[in-house]
Amino acid sequence: MIEFLTIPGVILITGALLLPFLPEKIRPSAFLIFPLMALFVVFTRPDGYTVTGELLNYELVMMQADSLSRIFGIIFAITAFVAGVYAFHMKELGQQSNALVYAGGALGVTYAGDLLTLVIFWELMAVSSTWLIWARRTKESDGAGMRYLIYHILGGGLLFAGILWHLATTGSLAVETVAQDYSVANVLMLVGVCVNAAVIPLHTWLADAYPKATITGSVFMSAFTTKSAVYVLVRMFPGWEVLIWFGAAMALYGVIYAVICKDIREILAYHIVSQVGFMVCGIGIGTEMALNGATAHAYSHILYKSLLFMGTGAVLYATGTSKMVHLGGLFKKMPYTFGLYMVGALSISGIPLFNGFISKGMTIDAAGYAGNETAMLMLLLASVGTWLSVGLKLPYFTWFDKTENDIEVKKLPVNMYIAMGIAAFACIFYGLFPNTLYIYLPFEVDYEPYTIYHLVEVIQISLLTFLGFWLLKKKMAPELIVALDVDWFYRKAAPATRLVFVKKVDEFFDKVEEGILAIARWLSAKFQNPMVWLNPFTKKGNEASNYSPAMDVVMSFILLSFLIFAIVYFV
Amino acid sequence: MKKIHWIILGVLFVITLGFEFTVLADYDSHWWNAIPAFYAIFGFVCCTAIVYVAKFIAKNIVNRDINYYD
Numbered sequence: 000m001i002e003f004l005t006i007p008g009v010i011l012i013t014g015a016l017l018l019p020f021l022p023e024k025i026r027p028s029a030f031l032i033f034p035l036m037a038l039f040v041v042f043t044r045p046d047g048y049t050v051t052g053e054l055l056n057y058e059l060v061m062m063q064a065d066s067l068s069r070i071f072g073i074i075f076a077i078t079a080f081v082a083g084v085y086a087f088h089m090k091e092l093g094q095q096s097n098a099l100v101y102a103g104g105a106l107g108v109t110y111a112g113d114l115l116t117l118v119i120f121w122e123l124m125a126v127s128s129t130w131l132i133w134a135r136r137t138k139e140s141d142g143a144g145m146r147y148l149i150y151h152i153l154g155g156g157l158l159f160a161g162i163l164w165h166l167a168t169t170g171s172l173a174v175e176t177v178a179q180d181y182s183v184a185n186v187l188m189l190v191g192v193c194v195n196a197a198v199i200p201l202h203t204w205l206a207d208a209y210p211k212a213t214i215t216g217s218v219f220m221s222a223f224t225t226k227s228a229v230y231v232l233v234r235m236f237p238g239w240e241v242l243i244w245f246g247a248a249m250a251l252y253g254v255i256y257a258v259i260c261k262d263i264r265e266i267l268a269y270h271i272v273s274q275v276g277f278m279v280c281g282i283g284i285g286t287e288m289a290l291n292g293a294t295a296h297a298y299s300h301i302l303y304k305s306l307l308f309m310g311t312g313a314v315l316y317a318t319g320t321s322k323m324v325h326l327g328g329l330f331k332k333m334p335y336t337f338g339l340y341m342v343g344a345l346s347i348s349g350i351p352l353f354n355g356f357i358s359k360g361m362t363i364d365a366a367g368y369a370g371n372e373t374a375m376l377m378l379l380l381a382s383v384g385t386w387l388s389v390g391l392k393l394p395y396f397t398w399f400d401k402t403e404n405d406i407e408v409k410k411l412p413v414n415m416y417i418a419m420g421i422a423a424f425a426c427i428f429y430g431l432f433p434n435t436l437y438i439y440l441p442f443e444v445d446y447e448p449y450t451i452y453h454l455v456e457v458i459q460i461s462l463l464t465f466l467g468f469w470l471l472k473k474k475m476a477p478e479l480i481v482a483l484d485v486d487w488f489y490r491k492a493a494p495a496t497r498l499v500f501v502k503k504v505d506e507f508f509d510k511v512e513e514g515i516l517a518i519a520r521w522l523s524a525k526f527q528n529p530m531v532w533l534n535p536f537t538k539k540g541n542e543a544s545n546y547s548p549a550m551d552v553v554m555s556f557i558l559l560s561f562l563i564f565a566i567v568y569f570v
Numbered sequence: 000m001k002k003i004h005w006i007i008l009g010v011l012f013v014i015t016l017g018f019e020f021t022v023l024a025d026y027d028s029h030w031w032n033a034i035p036a037f038y039a040i041f042g043f044v045c046c047t048a049i050v051y052v053a054k055f056i057a058k059n060i061v062n063r064d065i066n067y068y069d
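The listed protein sequences correspond, in order, to chains A and B.
Final position of the first sequence in numbering that gives the first Met the number 0 is 570; the numbers increase by one with none missing.
Final position of the second sequence in numbering that gives the first Met the number 0 is 69; the numbers increase by one with none missing.
Source of the hints: derived by calculation from the structure; they are not laboratory data.
Keep in mind it's a predicted model, so treat the numbers as computed, not measured.
Just so you know, not all the hints are guaranteed correct.
[Stated by the list, open to error] Rough simulated footprint, nothing fancy, chain A against chain B, three-plus residues with beta-carbon under 8 Å:
(1) 0-14
(2) 21-27
(3) 31-45
(4) 49-55
(5) 58-64
[What the hints assert, rightly or not] Derived lysine-lysine pairs resembling DSS-like cross-links, with alpha carbons at most 30 Å apart:
(6) B/1 to A/332
(7) A/90 to B/1
(8) A/138 to B/58
(9) A/90 to A/24
(10) A/474 to B/54
Heads up, the beta-carbon is just placed ideally off N, CA and C, and yes, glycines get one too.
Okay, chain A solo, but in the shape it has when bound (with noise of 0.2 Å):
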């Protein structure tokens, strides 16, 4: 029992079991405890680690730690602690606890030993991360907060079905890499992994949500649903080569529309799917290299997106607007988030001194090294693009752009600052102490970033994008405007669904019922003096025919039935 508590993944839920009953004016600090509880269980739980339990006769194993989970572990349990402090001014209990459940539900994911335990942690991040959506109580979040949950019951759905039909075939729940072969079970939890992966086309679930979350639920959720999504594809499906495409692609989808969209927090988002798909492309490739590439991806991903997600938070908390036409000149008016913000936004375009540039180019590279051209040309076009819009276009038309802006800027609570500060403090270190990260790699690493190729390879990209993005900046001017995305196909279709799904099923069962009434109604008016039509002597015309027999003639009816039932029973 004592080892069960001791699961990170547990302690956080504990800890979101526990702050309901703390004083409002304790929660916030009390809420740090359990991520760096966690982070201490993470680190000396030495490998091989494991803790085990019993349930309808299968043979669980709820945590299993190695150099893998590790990592992952590490990297939840930091950022639960960073959001937890950009959150701290945040009074409100639901969202304190359903964060702590969330980032539990991640760690869980990580440790999980087992297919039952992991897709119970799945499960528990879907629904507590929609809580953070809902939070905002606005009409868009509503919406959105429901496709998200629906999308995510169906990913779950997917990935359990995949378990129980791969426990059926395979009789083992064991967490182990499946080898590359398109049965129905391996497709059900591929698929469903996928979901939370955010590939295209299952990605519209995190454009469409997380630009609409609360400011702090935004920087959880940036965190963990896609990163437990790539450590269970690390941990499942290395080397499954269709992976390679649908990363690389993903990589430039979230990069166009990146550029297309005008909302900052819809352009981190489509950041991420842009981002996840480096991982997911090094995650196809396979090699050490690679995987140890789409690792530490995840890990410095974490890291400077939830930095992003907690500037332009800022910006929308300060402001009250994400909307890019309502926004630039703010420079003199926010000059702190600015450099915090643009630690993030070097970092994400992979510029040399930051933590993306320490795995980033390793994750390319081993494209490379595969000997897929391709596919690291496709990647090296995808970071073209993502300095182009979190690196330059995102801070130009905040933060500069327009000499003045009267919107009125509400001051930020300090713990916003100390968290923003913690995370680039972090990019920063990785950037310059690339071995503190990659000590924890999975597999050994044989890689050095700061080579002079590197560099200038890195420095000749972001010097003539960014020639290209001031010669063309007009043509990335803000506007109000929505950009369709698949999720056009059943946002636009949802009339028709309703129509068909619940106005017909309704108008069905309308109709059913009014039949049976009307046959009770016939059956009742038959039957209500059945001497009626049994003595065909009875004179219809006769109005007391018409009026129900007395007690005593159905009684004798029945007892009359009785006897001949029993006589021709017995004779």
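Place chain B on chain A using the hints.
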């Protein structure tokens, strides 16, 4: 952008070119290493392509009024 910023970026670019033609002159791990200043050309061409492709898609296919889904 002030003039001095452009000068700094220009100098940085010249330095990378300097390295490319001296230290990295014999570097050959991909076919494109034979093309001089490949990464600079790649950056500029790709940036322009992304902007125009995105603009084309936005204008002709995906952009709608902000209240489209309401």
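Consistency of the hints with the structure:
Check on the stretch 0-14 of chain B: 4 of its residues sit with their Cβ under 8 Å from a Cβ of chain A, so the three-residue criterion for coverage holds. For the stretch 21-27 of chain B, the stated coverage by chain A holds: 3 residues have a C-beta nearer than 8 Å to a C-beta of that chain, and at least 3 were required. Only residues whose beta carbon comes within less than 8 Å of a beta carbon in chain A count, and the stretch 31-45 of chain B has 8; three or more means the coverage holds. Counting residues of the stretch 49-55 of chain B whose C-beta lies closer than 8 Å to any C-beta of chain A gives 6; at least three are required, and the coverage claim holds.
For the stretch 58-64 of chain B, the assignment as covered by chain A holds, since 5 residues bring a beta-carbon within under 8 Å of that chain's beta-carbons and 3 suffice. Restraint check: the Cα-Cα separation between residue 1 of chain B and residue 332 of chain A comes to about 21 Å, which is no more than 30 Å; the hinted pair holds. As the CA atoms of residue 90 of chain A and residue 1 of chain B are separated by approximately 45 Å, the hinted pair breaks the 30 Å bound. Straight-line distance between C-alpha atoms of residue 138 of chain A and residue 58 of chain B comes to about 27 Å, which keeps the hinted pair within the 30 Å bound.
With a C-alpha separation of about 8 Å, the suggested pairing of residue 90 of chain A with residue 24 of chain A holds against the 30 Å cut-off. At most 30 Å may separate the alpha-carbon atoms for a hinted pair to count; residue 474 of chain A and residue 54 of chain B meet this at roughly 7 Å.
The structure is inconsistent with hint 7 alone, although it conforms to all the rest.
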